[in-house]
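**Student:** Residue numbers (the numbering used here), protein chains in the order written: chain R, -16 to 96; chain P, 131 to 245.
Everything labelled a hint here was simulated from the structure, so no lab data went into it. Some hints here could point you the wrong way.
Claimed, not checked - Across the chosen pairs, the derived CB separations fall in these ranges:
{"id": "1", "chain 1": "P", "residue 1": "Gln214", "chain 2": "R", "residue 2": "Ser35", "range": "38 to 44 angstroms"}
{"id": "2", "chain 1": "R", "residue 1": "Ser(-9)", "chain 2": "P", "residue 2": "Asn148", "range": "37 to 43 angstroms"}
{"id": "3", "chain 1": "P", "residue 1": "Arg145", "chain 2": "R", "residue 2": "Asp38", "range": "45 to 51 angstroms"}
{"id": "4", "chain 1": "R", "residue 1": "Arg91", "chain 2": "P", "residue 2": "Gln214", "range": "22 to 28 angstroms"}
{"id": "5", "chain 1": "P", "residue 1": "Ser188", "chain 2": "R", "residue 2": "Glu41", "range": "43 to 49 angstroms"}
{"id": "6", "chain 1": "R", "residue 1": "Pro88", "chain 2": "P", "residue 2": "Leu185", "range": "23 to 29 angstroms"}
{"id": "7", "chain 1": "P", "residue 1": "Gln214", "chain 2": "R", "residue 2": "Pro65", "range": "32 to 38 angstroms"}
{"id": "8", "chain 1": "R", "residue 1": "Ser57", "chain 2": "P", "residue 2": "Glu208", "range": "27 to 33 angstroms"}
Beta carbons are placed, not taken as given, at the ideal position from N, Cα and C, and that holds for glycine.
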Amino acid sequence: DQQVKQNSPSLSVQEGRISILNCDYTNSMFDYFLWYKKYPAEGPTFLISISSIKDKNEDGRFTVFLNKSAKHLSLHIVPSQPGDSAVYFCAATTDNYGQNFVFGPGTRLSVLP
Amino acid sequence: DTGVSQDPRHKITKRGQNVTFRCDPISEHNRLYWYRQTLGQGPEFLTYFQNEAQLEKSRLLSDRFSAERPKGSFSTLEIQRTEQGDSAMYLCASSSWTGGEETQYFGPGTRLLVL
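Sequences are here, hints too, so could you generate the full structure?
**Tutor:** Printed below as a string of structure tokens:
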């Protein structure tokens, strides 16, 4: 029973366009969400996070949107660059449950030059 | 801040052998986590420490697995009598947690192949 789902295993986007990666969760106790990026042969790298008290958080080219009622979050990358090609993981946890991050299966993003 | 380091980066072993992995967290981070990742999946939680205390273990962590963090700094993960199903990437992460929201920072992982 996957509590965090990323239903698109892969996504291809042209350089300069917007990349939108989606994540759905089932546990309504989750109140803190993170996106990690992973290159081959490396560990996941923290990208951006959002607390459930917000519906949007922005950091440079990266913006995360949270829709609590739909239990859905998305990561927007604008403009997409070839260096953004990686696997992106969505993770969820709670303030009081911080020891157990639950990760989605990941979406492989390919940004085409 | 040199980041989380893990050693070795790769390990090939024969079924039935014991293996031990080491993780050095970011200095001053009080929490340290172990995860396992298999192909096409996200990291799965195994266990975590707050300082030297092991506070939670996943059901994924069979009794062949043991983890320690003796001085609240580096940690080791040992797998006894390895099985082919143990083949995976073992990831370590650390965080500085003082309550509330927490961000974990990952090491590069140790890739284990059991033949």
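**Student:** Taking the hints in turn, state whether each one holds.
**Tutor:** For each hint, the structure was consulted:
Distance hint check: the CB atoms of glutamine 214 of chain P and serine 35 of chain R are about 41 angstroms apart, consistent with the given range 38 to 44 angstroms. The hint said 37 to 43 angstroms for the Cβ distance between serine -9 of chain R and asparagine 148 of chain P, and at roughly 40 angstroms that hint holds. Range check, arginine 145 of chain P to aspartate 38 of chain R: about 50 angstroms between beta-carbon atoms, so the 45 to 51 angstroms window is met. The hinted range of 22 to 28 angstroms is satisfied by arginine 91 of chain R and glutamine 214 of chain P, whose Cβ atoms lie roughly 26 angstroms apart.
Checking the proposed 43 to 49 angstroms range against serine 188 of chain P and glutamate 41 of chain R shows it is violated: the Cβ atoms sit about 34 angstroms from each other. Between proline 88 of chain R and leucine 185 of chain P the CB atoms are about 26 angstroms apart, so this pair conforms to the stated range of 23 to 29 angstroms. Between glutamine 214 of chain P and proline 65 of chain R the beta carbons are some 37 angstroms apart, a value that agrees with the proposed interval 32 to 38 angstroms. About 40 angstroms separates the C-beta atoms of serine 57 of chain R and glutamate 208 of chain P, a value inconsistent with the hinted range of 27 to 33 angstroms.
Hint check: violations occur at hints 5 and 8; the rest are consistent with the structure.
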